[in-house]
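Residue numbers (this note's numbering), protein chains in the order written: chain A, 15 to 321; chain B, 46 to 522.
I should point out that these hints are in silico values taken from the structure, not numbers from a laboratory. Note that beta-carbon positions come from the ideal geometry of N, C-alpha and C, so glycine has one too. Incorrect hints may appear among the rest.
Heads up, incomplete: computed chain A residues facing chain B, CB under 10 Å, no partners named [to be verified]: (1) T169; (2) N172; (3) I180; (4) L316; (5) A320; (6) V321.
Derived pair list, reagent style DMTMM-like, types lysine to aspartate or glutamate, alpha-carbon separation capped at 25 Å [what the hints assert, rightly or not]: (7) B:K152 - B:E424; (8) A:K56 - A:D162; (9) A:K269 - A:D295; (10) A:K16 - B:D446; (11) A:K16 - B:E424; (12) A:K276 - A:D133; (13) A:K145 - B:D457.
Far from chain B, by Cβ distances over 12 Å, these chain A residues were calculated [as the list claims (entries may be wrong)]: (14) L82; (15) L196; (16) E249.
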Amino acid sequence: MKRVLLAAGGAILAALLLVILKNEYARCLPVSTYGMQAAVAKKETDHLFIGSSMFRQGLSIDVLEEELPGSSYILSYNGNQPALMAMELQYMLEEGLEVDNLYIDLYPYTAAADPWISDTKILLDTDLDFKIRAWKLMAENSNAGFSDFFEFFVTANNEQLLMYPINNYLVSSQFRNGGTLLRQEGSTREELYSLGSLGGRDGLKEAQTEGYRQIAELAQEYGMNLYFLETPKYERMYADSDYRELYTLCLEEMKAIEAEWKGKGTFAVICAEDLDFDTSDAGSFQDLIHLSASGRDAYTKLLCSAV
Amino acid sequence: MTSNVMLTLAYLAGVLAVFYLTPRRGRQWILLAASLLFYLSADPRMLLLAAGSTLWSFAVGIVTEQTTSAGRRKAWLLAAVLPEIMVLFVFKYFNFFADSAASLLGKLGLPADVPVLSLALPLGISYYTFKMISYNADICLGKRKAEKGAAGCGAYLTYVLFFPQIVSGPIERSENFLDQLHAGPGYDAGLFAEGLQRIILGLFKKIVIANRLSGYVDTVFGAPEAYPGLACIMAAFFYSFQIYCDFSGYSDIAVGMGNLLGIRSRKNFDCPYFSRSIKEFWSRWHISLSSWLKDYIYIPLGGNRVSAFRHGVNVLATFLVSGLWHGASWTFVVWGGIHGIWNLFSGKKKADTGLLRRIRQTLVTFCGVTLGWIFFRAESLSAACAFLRHAVTGFSLSYMDIQNSILPFTGDNTCAAYFLTACVFLFLLFLYERDRVYGKSGQKGETYLSVFWIVLMILSLVLFGVFGVSGFLYANF
């Protein structure tokens, strides 16, 4: 009995120690071509794109490097939201990353959602302090409970860390400077209204719009050019009244931020409709919101000529 | 409560506190109250049915014992068993047989308008019905005395509705359980420690392995045509491990919970995938059910002391009942039929031979059992056939197919890490069980976890537990 209790107690203490070590030092085992730590390791980049899977699927690193002067880096996490993008930017700047041009994913649904880390890979790239701030943001603005807390701090990413040598090799080989190199992605077709679950239908959330403002403040403070980009969505998305409403609110928010912009660099909002991109061409899309490989190339070329 | 093992364990913690604060002679009533409260919280509408059936079985048991005539004893046995089987039939099998009859009549061109019952299956009905049948049958056969008086009635209710075992068994025999209850379950440090270790082992199997595999299995079985044949084969093997870890994990937890309450139970699983023949498999898999079927179906039918033809019928009938017990569907009947036929043509237990031959026999048995699980898991016979067809015709070992076969784990580029982690834990389970079967004498049998395994399993539970999946597969049966 004593043996069992001692072993169990020892195991729980060991687990606690491993959890603390993981949350502080897992970032020392980063994927070398993807995520925040890989960006920080570059020390500087001329063009930093921060966004969600929209950017991963919507931007081609090959084309960016061909068309834009200097270096580019795409930081993309699934479902990345403005509030978190602001935290990610701040984290990387504090870690010493220098950026000239900043491009932020303007996807209205994420701005209408409660703050939430939907891609736990963010946790692999950050220290304990970042995680605590992210958790507080989630807990204060949503219904995060104990099971979420447990996943957030204890179980998230353990598989990737256990299998680090293999996982790092596999994932690193799929990216370069944060941009995906895969030409044939799996199908992730989602229905229009299930996409609505990404965000509420009652306007933009204050924490998210605050995130946009914080990004603008950071860009001003560090003297960057700031671009908000809305990647093309398939035409059916633009016909959706919910999307249109949030899209309009986002643009209004951008106008308000632009009115307060006092930075020495450029401030611009570039939406898909500002470019000569054919959103009715199904061949340019992998699904309703993600571009296909050919769509990605075409859009990135248009974008580069616009900036 | 039944669908969440952590809640059940939290409930147990409360029961344990009250249980050990109560004097020994009163503890059986604590167990009864805890079991009734558990049932009430899980399935309040059906508590009356379960308790009523148990009281009827208890009363008929007394009358049976007092009857001297063999014919009348059998009549009383029927009086006890028939209502129990009828209740089970109405709740579990009526719609299945009605649908099957309607389908058959429809094919014959006859009008078929059969009623459909909308009844929820009472919690644990398959388990407690078998417990009651064995109790009444044992009294009729003179194998045991009937329980009597208020204490006997309370003890019998506790035995039938014992909360750790009501969800997914095991189907404990009455003599073992009731004797311990009458003696007054007390604190035994060794048994308590064994119970804790069983619970740790059960949680490891269920939460670390079975829950981890369930997402993959559900995804591929849900739409096999969307994945390569290799994914179907992997899903079939993963399901073999999932159902084993899920069910034996629950059994370990249930037996462990009983141990903490001073009740010693027989083991329900004994490393079944190390079996070298199908006969050996059934002596290691769900032992409480297979021994029940042997004692109350196979032997009363004549066992093997009859003609070869009749023996074949007996074996087949036993396995068909086993299939039907698991569920009211033709997939379970076919699964039972496969095992029955395989048993018929299987020789006696293989003698110890060379290592390679032992490995081959073990692998052949495991692959055969896995084939049977496809029917067990599939939604319908046609779905099982389609699954098998796609596994064969869609099979290739191209890089793309291998990649797409791992993808269902997470659907993104972390799938390889999840796949490899699942393989690591299956390998750990293999090492643990290999020691139990082939290890040195100190590691074999009932000697439980070493400090190494306790630490490893708890660490795995905390860091790699998949807690979002609730429910036990065998709770559906």
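Against the structure, the hints:
1. T169: It holds, given that the least Cβ distance between T169 of chain A and chain B is near 7 Å, below 10 Å.
2. N172: holds (5 Å)
3. I180: Cβ of I180 of chain A sits 6 Å from chain B, so the hint holds.
4. L316: violated (28 Å)
5. A320: violated (31 Å)
6. V321: Violated: closest Cβ of chain B sits about 29 Å from V321 of chain A, beyond 10 Å.
7. B:K152 - B:E424: holds (22 Å)
8. A:K56 - A:D162: At roughly 33 Å apart (the allowed maximum being 25 Å), D162 of chain A and K56 of chain A break the hint.
9. A:K269 - A:D295: violated (30 Å)
10. A:K16 - B:D446: violated (51 Å)
11. A:K16 - B:E424: Violated - the C-alpha atoms of E424 of chain B and K16 of chain A are around 47 Å apart, more than 25 Å.
12. A:K276 - A:D133: Judged against 25 Å, a Cα distance of about 33 Å means the pair is violated.
13. A:K145 - B:D457: holds (23 Å)
14. L82: Holds, since 26 Å exceeds 12 Å.
15. L196: Nearest chain B Cβ is 9 Å from L196 of chain A, so the label is violated.
16. E249: Holds: least Cβ distance 27 Å, greater than 12 Å.
Going through the hint list in order, the structure does not satisfy hints 4, 5, 6, 8, 9, 10, 11, 12 and 15.
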